[in-house]
Amino acid sequence: SQQGEEDPQALSIQEGENATMNCSYKTSINNLQWYRQNSGRGLVHLILIRSNEREKHSGRLRVTLDTSKKSSSLLITASRAADTASYFCATVPSGAGSYQLTFGKGTKLSVIP
Amino acid sequence: NAGVTQTPKFRVLKTGQSMTLLCAQDMNHEYMYWYRQDPGMGLRLIHYSVGEGTTAKGEVPDGYNVSRLKKQNFLLGLESAAPSQTSVYFCASSTYGGGAGEQYFGPGTRLTVT
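Listed in order, the protein sequences are those of chains A and B.
Residues 1 to 113 (this note's numbering) make up the first sequence, in order.
Residues 1 to 114 (this note's numbering) make up the second sequence, in order.
Just so you know, these hints were derived from the structure itself, not from any lab.
Please note: incorrect hints may appear among the correct ones.
Computed far set for chain A versus chain B, every beta-carbon distance over 12 Å [stated by the list, open to error]:
no., residue
1, R41
2, G42
3, T64
4, K70
5, L75
6, A78
7, I112
In the DSSO-like style, the derived pairs of lysine-lysine whose C-alpha atoms are separated by at most 27 Å in a straight line are [claimed, not checked]:
no., chain 1, residue 1, chain 2, residue 2
8, A, K105, A, K69
9, A, K105, B, K9
10, A, K26, A, K108
11, A, K108, B, K71
12, A, K105, B, K57
13, A, K26, B, K9
Over 12 Å on every C-beta distance to chain A, these chain B residues come out as not near it, computed from the model [stated by the list, open to error]:
no., residue
14, P8
15, Q17
16, M41
17, L43
18, E52
19, K70
20, Q72
21, G77
22, G99
If you're wondering where the values come from, they're calculated on a predicted model, not measured in any experiment.
Glycine residues also receive a C-beta, built at the ideal position from the N, C-alpha and C atoms.
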């Protein structure tokens, strides 16, 4: 079952613009992670935000988390062609004994030079 | 530091054949995972391991078996391949279980079952 759902499914922007992707999830979580996948490659971890955090930054990335709305957003500022990739959110439901990190279907970002 | 490596990178099987995918990590991670990725479906967890000698079922375990005889290796077996198992398979490892920390992914194995 899909815990997280990204929106939009695809996004195309010009280099230098900002890109915003959203993730909604269904159940309470301990934390939420964002990953990037370049075409034909494995996933690369970008950022982890805990349920008691509201915002986190890493370089040009800004992640927000709204647990009341069960949603998160990933903002990439001043995008570059190299940011072209698919972006996935991943969650683990809160509660003991869960090891299953559940991924959404991803947002495919295209940055046009 | 090679990180997470997967063997082979590509494979074509006929229906009913068997094969084993090998995952190796050199980061001394306790936790290891096997996922499959299908178009439009995101990643789904097949099996995982919380330490040497342990395995557990994930979301889509049917048709697969796994073994973790050594801490650094996690094997995924298909005993009788079916066309529905055509997919890209990713192995991952982590220091902490589940979503408590980041997972490190291998480059993937593209499997086609005809």
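Now the hints, each set against the structure:
A beta-carbon of chain B is positioned within 12 Å of the beta-carbon of R41/A; the least distance is around 6 Å. In this structure G42/A is not separated from chain B by more than 12 Å, as the shortest Cβ-Cβ distance comes to only about 4 Å. Remark: the non-interface label on T64/A is consistent with the geometry, its nearest Cβ contact in chain B lying 18 Å away (cut-off 12 Å). Remark: the non-interface label on K70/A is consistent with the geometry, its nearest Cβ contact in chain B lying 15 Å away (cut-off 12 Å).
Remark: the non-interface label on L75/A is consistent with the geometry, its nearest Cβ contact in chain B lying 20 Å away (cut-off 12 Å). Taking the minimum C-beta to C-beta distance to chain B, about 24 Å, the non-interface status of A78/A holds against the 12 Å cut. Every Cβ of chain B is farther than 12 Å from the Cβ of I112/A; the closest lies at roughly 23 Å, confirming the non-interface assignment. For the given pair, K105/A sits about 19 Å from K69/A by alpha-carbon distance, which is consistent with the 27 Å threshold.
Between K105/A and K9/B the alpha-carbon distance is near 23 Å, which keeps this suggested pair within the 27 Å criterion. Restraint check for K26/A and K108/A: satisfied, since their Cα atoms lie roughly 22 Å apart, inside the 27 Å limit. Distance hint between K108/A and K71/B is unfulfilled; the C-alpha atoms sit about 35 Å from each other, more than 27 Å. A distance of roughly 21 Å separates the Cα atoms of K105/A and K57/B; the hinted pair therefore holds under the 27 Å criterion.
Distance check on the hinted pair: K26/A and K9/B sit about 35 Å apart at the alpha-carbon level, beyond 27 Å; violated. In this structure P8/B is separated from chain A by more than 12 Å, as the shortest Cβ-Cβ distance comes to about 15 Å. Remark: the non-interface label on Q17/B is consistent with the geometry, its nearest Cβ contact in chain A lying 25 Å away (cut-off 12 Å). Some Cβ of chain A comes within 12 Å of the Cβ of M41/B; the nearest lies about 7 Å off, and the non-interface call is violated.
In this structure L43/B is not separated from chain A by more than 12 Å, as the shortest Cβ-Cβ distance comes to only about 4 Å. With a minimum CB-CB distance of about 16 Å to chain A, E52/B clears the 12 Å threshold, and the non-interface call stands. Separation of K70/B from chain A is adequate, the least Cβ-Cβ distance of about 20 Å exceeding the 12 Å criterion. A cut-off of 12 Å between C-beta atoms confirms that Q72/B is not in contact with chain A; the least separation is 17 Å.
Every beta carbon of chain A lies more than 12 Å from that of G77/B, the smallest distance being close to 20 Å; the non-interface claim holds. At the 12 Å boundary, the C-beta of G99/B falls inside the reach of chain A, the nearest C-beta of that chain being 3 Å off.
Violation of the numbered hints given earlier is confined to hints 1, 2, 11, 13, 16, 17 and 22; the remaining hints are satisfied by the structure.
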